Amino acid sequence: MISDLLRIEGLRVYYYTRDGVVMAVDNVDLFMKKGETIGLVGESGSGKSTLGRAILRLVPPPGRIISGKIVFDGLNLTELSEEEMRRIRGKRISMVFQDPMTSLDPLMKIGDHIVETIMAHETLTRKEAEEKAIKLLEQVGIRSERFMDYPHQFSGGMRQRVGIALALALNPDLVIADEPTSSLDVIVQFQILDLMKELKNLYGMGMILITHDISIIPGIADKVALMYAGQLVEFADAKSFFNEPLHPYGKALLESIPNIQHSDQKLKYIPGNPPDLINPPKGCRFSPRCPYATEKCREEEPPTIMVGHHRLVKCFQY
Amino acid sequence: MLPVLKGEGMPLLKVVDLKKYFPVQRSFLERLLSRRIDYVKAVDGISFEAEKGEVFSIAGESGCGKTTTGRLIVRLIDPTGGKIFFNGIDITSLSGEELRKLRKRMQIIFQNPYASLNPRMKIGENVGHPLEIHGIAYGREKEKLVMEMLEKVGLQPASKFYNAYPHELSGGQRQRVAVARAMILNPDFIVADEPISMIDVSLRARILELMIQLKEELDLTYLFITHDLAVAKYISDKIAIMYLGKIVEMGEKEVIFSDPKHPYTNALLSAVPVPDPNVKRKRVMLKGEVPSPINPPSGCRFHTRCPLATDICRREEPKLVKIDDNHFVACHTVK
Amino acid sequence: MANLTAPKMITSMLSKISPRRGVEGLFIIVGLAIILTFIFMAIFAPVLAPYDPNKTRVGGLYESPNPKFPMGTDRLGRDILSRIIWGSRTVLIVTFLSMALSSACGVTLGLISGYVGGKFDTALSLFMDSLYAFPGLILAIALAVMLGQGIMPVTVSLTVVYVPIYFRMIRSEVLSMKESLFVEAAKAIGAKGRTLIFKYIFPNVIPSIPIVLSLNAADAVLTLAALSFLGLGLPAHIPDWGFDLRMGYGALTAKIWWPGTFPGLMIVLLTLGFSLFGEGLAEILNPKLSGG
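Chains as they are written, first to last, in the numbering used here: chain S, -3 to 314; chain B, 1164 to 1498; chain R, 9 to 300.
Think of the hints as simulated: they come from the structure by calculation, not from any bench. For clarity, every value in this text was computed on a predicted model and none was experimentally measured. For each residue, glycine too, the CB sits at the ideal point set by N, CA and C. Treat the hints loosely; a few may be bogus.
Quick list of simulated restraints, FRET-style, between CB atoms [stated by the list, open to error]:
hint, chain 1, residue 1, chain 2, residue 2, range
1, B, L1239, S, N167, 46 to 54 Å
2, R, S180, S, D69, 27 to 35 Å
3, S, P284, R, K186, 35 to 43 Å
4, R, T116, B, K1450, 54 to 62 Å
5, B, Q1376, R, L189, 22 to 30 Å
6, B, K1443, R, S180, 53 to 61 Å
7, B, M1361, S, K278, 29 to 37 Å
8, S, P284, R, S184, 20 to 28 Å
9, R, M160, B, M1361, 34 to 42 Å
10, S, S178, R, K127, 39 to 47 Å
11, R, R202, B, K1264, 16 to 24 Å
12, S, K278, B, R1446, 43 to 51 Å
13, S, Y12, R, F104, 54 to 62 Å
A few chain B residues that face chain S, going by a derived Cβ cut-off under 8 Å, partial list only [unchecked claim]:
hint, residue
14, L1239
15, A1393
16, P1438
17, D1439
18, V1442
19, L1449
Covered, in the sense of this in silico footprint (three residues per stretch, anywhere, with C-beta under 8 Å from a C-beta of chain B), are these stretches of chain S [stated by the list, open to error]:
hint, region
20, 58 to 71
21, 213 to 220
22, 235 to 243
23, 247 to 259
Please model the entire structure based on the sequences and the hints provided.
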């Protein structure tokens, strides 16, 4: 318990929109240790991005954290003031965004961006901060000559490297990467993931990798947290998950995506439609599409069950 | 000598040295100061053939020219150079009424299901409009044909979907509507431009299944454009890999995936993520990123990132050469 | 979610007005109430007005408001209330007519010009932009002077003033819509120019029209009043608020407030009605317009 870097308990994040209340994150429990990497996987509307933002208390209105605890290294983040949160963001928990273009100020040279970030949290002289920034850029594979360039002078992959450098500038304990490679081509994605792996091993920080592409998880994440319709439906170590997914959604998902290593695959598609988060299905939210669904599944919400030592599944089958 | 992939009979689609250059937009001042116009050489001389009944994939990263190729084939844009033959007929410069008649035989499914349907028309009207345009069916009869098509793509009950509007449907459903609209005229050939990349993961297999099923049922031929090689492997018979406006490797699916010869293909395939932690494979790490298509590198366009690049690669552009039955490569290092 | 074809738009709007809407809903309701009141007044003028608005000396000269003449009489002894009621007819006829004509003209030209492009479009845009560059009132005055007096000439001048607004708005929407994917998709299925304009582009630019219509109407009421105030446009025998305002204005120094105040109030009220309606509509429709 004490060694947990992050403990999320009973988190609920709702959006109060004109069309109704969107239950984006609905009673989620999650925990991770220091230095661990969790792959937070789900489709659009699963709540994964909202969960990532909630940890940093960056949920945009009309969203709000309704209830629950987010305990980070002993501190309950939901109870902190905005000023206290500001001291944590960037310094102890940082974020890498999907679109590196929108998260970088187009009028600021990227070198200055990093220097400002460093100096906002640490007492260093400008010279010292610049030296540190240059070293960081080199670490992420950007030559020091590019220190004075503007974001638009970089390609997508390079900008993402800058985003990573910014996230690491203050040596945080936890990095939340929200779809960091979704807008990148395959080869650049490979480069960036490799870089992230290397850096997280070097710095020993924890990472939550949020993605809709489950294929990038092996090799980089220790655990898989699978989300569906705002709920955590399975939480297992990565190897066990891929070898034998327990939750029917995870199973169906893996059977529906093409694997380039296989020949003569027969993909099985998942019937039905993504759930309505304002009026989610009664009982188990996956039941309308689940091949194993029983009457009970459609009536009652399944509990989260511990299977084996450290595996959690939200399903009546277990 | 044009690269001809061996198959049965005359190819349904034959593309010869196809080119598309886009002039780069210049500001007023730039136009005053210099006469030189730069071009984005989006497609720079590609040739291939697709046989009737097969799925021919064009795969590559963004900027390689695959999307432009798709639009060129269905003549939504005009080629800068080269020729396109459909069923033996030269359609390169087709226009007006002739072009409209071609539309009955050749259709396209776009990448973005959220933007490709008219938001002010009901689903039934969206799907049925081609029938009206080409004078094939109106009123009651049109409705009947549309309903049949909606059922075929799995949108049931058809009457409910007929009267719905696009914004009431999910992305996956909208794409099925787009498929229905493309198929309603019973074309011979369909260009599918990244048809599943903007759809939720859990709904993608459904669309792929649908497309495969309809291909059998309606005797179709596909030009399948994608950046996702795992999908390309799943669905294609033949595949062409594009890089910066050129085809670097092309051939039958099994051959390309089991024995890729071009260093780019190699790097590309090894970079594709695999949902299986037990797999250990040799991964080729490429440095840098794709150069700009405005001023592509001299000689072989890939030489700036190629681990095998030699002197000749920097000077001379390699031609697409047949190295085996149904296997073509454009690379100096391949014998 | 509402679909936005015209009749359904009204009903879905009305349903959205209740509880959650707040300010925008209030705007629409109040605005609509005002407009409808005046329309009612205009339609039933012969029945509602107690006297002939042009008949002089029905009462004394400058009689202050009293039970017989709730709004008093003007300098010719005419009943101001009757003039107000009949005046609403004038205003509404001219406003609605010029709105209808200018929108029909501006929208059609905008559609064609935006779609066709080329030299035709460049020339027409240049022309429209130069019209638009004139301050509306100055242009209206110039046209009114040129065209002379009468309801039709005034309507025409107002029409001309507002055509460029519709033209510019529709044209810019057409330009962006021309590049949209569903238009490209329509080309791919073989649709021709005319079909593309009227079945694909036009239905998608319609939603922005009612807002502009309403706001232009507000402006038109003021412009018409200004024209009449200056003695241009409408002949003397047609009851008109702007003209009455002018006549009443002179009497203010003698502390005779009613011949000027009531027409002035009506002008402001009607303008407010159109503005509130237009603004409320904009608030409600805009999220739909951007969302899809």
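Hints, one by one, checked against the model:
no.	hint	result
1	B:L1239 - S:N167: 46 to 54 Å	holds, 52 Å
2	R:S180 - S:D69: 27 to 35 Å	violated, 54 Å
3	S:P284 - R:K186: 35 to 43 Å	holds, 41 Å
4	R:T116 - B:K1450: 54 to 62 Å	holds, 57 Å
5	B:Q1376 - R:L189: 22 to 30 Å	holds, 25 Å
6	B:K1443 - R:S180: 53 to 61 Å	holds, 57 Å
7	B:M1361 - S:K278: 29 to 37 Å	holds, 30 Å
8	S:P284 - R:S184: 20 to 28 Å	violated, 39 Å
9	R:M160 - B:M1361: 34 to 42 Å	violated, 55 Å
10	S:S178 - R:K127: 39 to 47 Å	holds, 44 Å
11	R:R202 - B:K1264: 16 to 24 Å	holds, 18 Å
12	S:K278 - B:R1446: 43 to 51 Å	holds, 46 Å
13	S:Y12 - R:F104: 54 to 62 Å	violated, 41 Å
14	L1239	violated, 24 Å
15	A1393	holds, 4 Å
16	P1438	holds, 4 Å
17	D1439	holds, 6 Å
18	V1442	holds, 6 Å
19	L1449	holds, 5 Å
20	58 to 71	violated (count 0)
21	213 to 220	holds (count 3)
22	235 to 243	holds (count 3)
23	247 to 259	holds (count 10)
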